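> Protein chains in written order, with my numbering: chain R, 18 to 175; chain D, 8 to 152.
Mixed in with the good hints there might be a few duds.
[Stated by the list, open to error] In silico DSSO-like links for lysine-lysine, alpha-carbon gap of 30 Å or less:
1. D:65 - D:96
2. R:74 - R:98
3. R:39 - D:65
4. D:65 - R:74
5. D:98 - R:39
Treat the hints as calculated values from the structure; they're not laboratory data. On a predicted model such as this, the values are computed, not experimentally measured, just so you know.
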Amino acid sequence: MPPALVIQSSICVETRRRTAIKNVLDVEAPIPGVLQQSELFRRKYIAAKHRPTEPSKAYNCHGLTFASRRTTIYDSADLRKILVDDGYASVERTELSPGDIVLYIGADGDIEHSGIVIEILQIGFRVLSKWGVCHEVVHMYSDCPYNATNLEFYRMLR
Amino acid sequence: MSISDEFNLSNAQAALAAANTPLYLIRKLKEDQAIFVMARSLSAPELLFELEKSVREKPKTLLAAVVPFVCLVALFMQPSPEFLLRATKVKPSYQDDWFETIRQILVETYQASSEQRIVLPSALTTEQTVNSATLNQQSTILLGG
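Okay, chain R solo, but in the shape it has when bound (with noise of 0.2 Å):
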């Protein structure tokens, strides 16, 4: 019988090279206002392809693109060092593929978004990311609520 699920717990989560990244798992129901937030964005940035997925506070953006969903990651230390042991490339914009991943740092260089690019427009680009605790959505890479001025591309080669 598989161990039963604590409300916050970490998992194990490693890099190639077996450096732990800190995490939370909170598998609790999102809290009242939390809904009326994700439609609320819903109805702000009408132009994204919001996704038929619930909130939730068990994965953030960057657990989606670095974790398959599976917990939250949010220390920008952390994220670093899963570039470097994973072997992810930095990619230049203009050789963007689908598949690629995108960083969005904030002035102070913290990581504060992160996505997976998933096509490429004569416009810009779309990406799939999750916001925050609550839903996910395919968006313009602006088009959301994070700073998109300072951006950062990478491909895992191998």
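Since the structure of chain R is provided, determine the placement of chain D on it from the hints.
The following block gives chain D in isolation, referenced to the frame of chain R:
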């Protein structure tokens, strides 16, 4: 009347819901005009009291969940670090990694605000107060003859 009744925390709630990292939440709350107003309207002891009250029980709504962070940032905006430092003794009754992280960051990055009065000779008699929430500095510029 509670903080959530008196001040518009809708942007703060949106920031908390969208936050993937504690630093994002701090940045958004520092930019929130409602929190700046709150920091100027309530005294530091009042803010500390509201903070202590807000963490006695696990928040049951998004609005209740954002109040502790709003109080911490408002304390950060005070001209003296005294009550922000007192806030380091406040212990939530529930587990919240972000509360400890955000509090620590605010304490470590606190800069005392200073007031500078600059009187410029001019025919105008406009008084304008400029505040930089990021740097926590406040300048009062008097234009007058």
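> None of the hints should be skipped; say for each whether it holds.
Structure-based check of all given hints:
| no. | hint | in the structure |
| --- | --- | --- |
| 1 | D:65 - D:96 | holds (18 Å) |
| 2 | R:74 - R:98 | holds (23 Å) |
| 3 | R:39 - D:65 | holds (23 Å) |
| 4 | D:65 - R:74 | holds (15 Å) |
| 5 | D:98 - R:39 | holds (22 Å) |
The structure is consistent with each of the numbered hints, conforming to all of them.
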